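Trainee: So the sequence shown is residues 5 to 89, counted in the numbering used here.
Hint data in this document are derived by calculation from the structure and do not stem from the laboratory. Quick caveat, the model's predicted, so the values are computed rather than measured. Some hints could be false.
What the hints assert, rightly or not - Per label pair, the in silico range of CB-to-CB distance:
1) D28 / D76: 13 to 21 angstroms
2) E44 / Q71: 27 to 35 angstroms
3) K58 / E23: 15 to 23 angstroms
4) T20 / H60: 31 to 39 angstroms
5) V52 / E31: 33 to 41 angstroms
6) F65 / D34: 18 to 26 angstroms
7) P62 / D28: 28 to 36 angstroms
8) Q71 / D34: 17 to 25 angstroms
9) H14 / D76: 17 to 25 angstroms
Here a beta-carbon is modelled for each residue, glycine too, at the ideal position from N, C-alpha and C.
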Amino acid sequence: MTDNEINNYHTAALFTLEELNTADVDEVTDVTRSTLDLLERMGIIVPVTLADPKTHKPLLFYRRVTQRDIWDLDSSTLNSGEESK
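Input sequences plus hints: build the corresponding full structure.
Mentor: Structure, rendered in structure tokens:
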């Protein structure tokens, strides 16, 4: 990542489970919930909790994973669990 990419980034758009519904369906289906669960487990989306500014109650959103979410671990960190000789 370049310095320009680090300093000039856009956060992925937030969405809710309810926004994924079609107009003719009132309830969120099990398929939609299962799909979100699968996408989260695959690391494609992440849950985001924000507080409602008026009520201070937590609101659940999802967003796509971005490059800034991916940790850059060097090889010394990956091998830190090995026994030293």
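Trainee: A separate judgement is required for each hint: does it hold in the structure or not?
Mentor: Quick rundown of the hints versus the structure:
1. D28 / D76: 13 to 21 angstroms: The hint (13 to 21 angstroms, Cβ to Cβ) is violated, given that D28 and D76 are roughly 45 angstroms apart.
2. E44 / Q71: 27 to 35 angstroms: The hint (27 to 35 angstroms, Cβ to Cβ) is violated, given that E44 and Q71 are roughly 18 angstroms apart.
3. K58 / E23: 15 to 23 angstroms: The hinted range 15 to 23 angstroms holds for K58 and E23, with Cβ atoms some 20 angstroms apart.
4. T20 / H60: 31 to 39 angstroms: violated, 18 angstroms
5. V52 / E31: 33 to 41 angstroms: For E31 against V52, whose Cβ atoms are near 23 angstroms apart, the range 33 to 41 angstroms is violated.
6. F65 / D34: 18 to 26 angstroms: This hint holds: roughly 20 angstroms between Cβ atoms.
7. P62 / D28: 28 to 36 angstroms: holds, 29 angstroms
8. Q71 / D34: 17 to 25 angstroms: 32 angstroms Cβ-Cβ, so the 17 to 25 angstroms window is violated.
9. H14 / D76: 17 to 25 angstroms: Taking Cβ atoms as reference, H14 and D76 lie about 20 angstroms apart, which means the hint holds.
Going through the hint list in order, the structure does not satisfy hints 1, 2, 4, 5 and 8.
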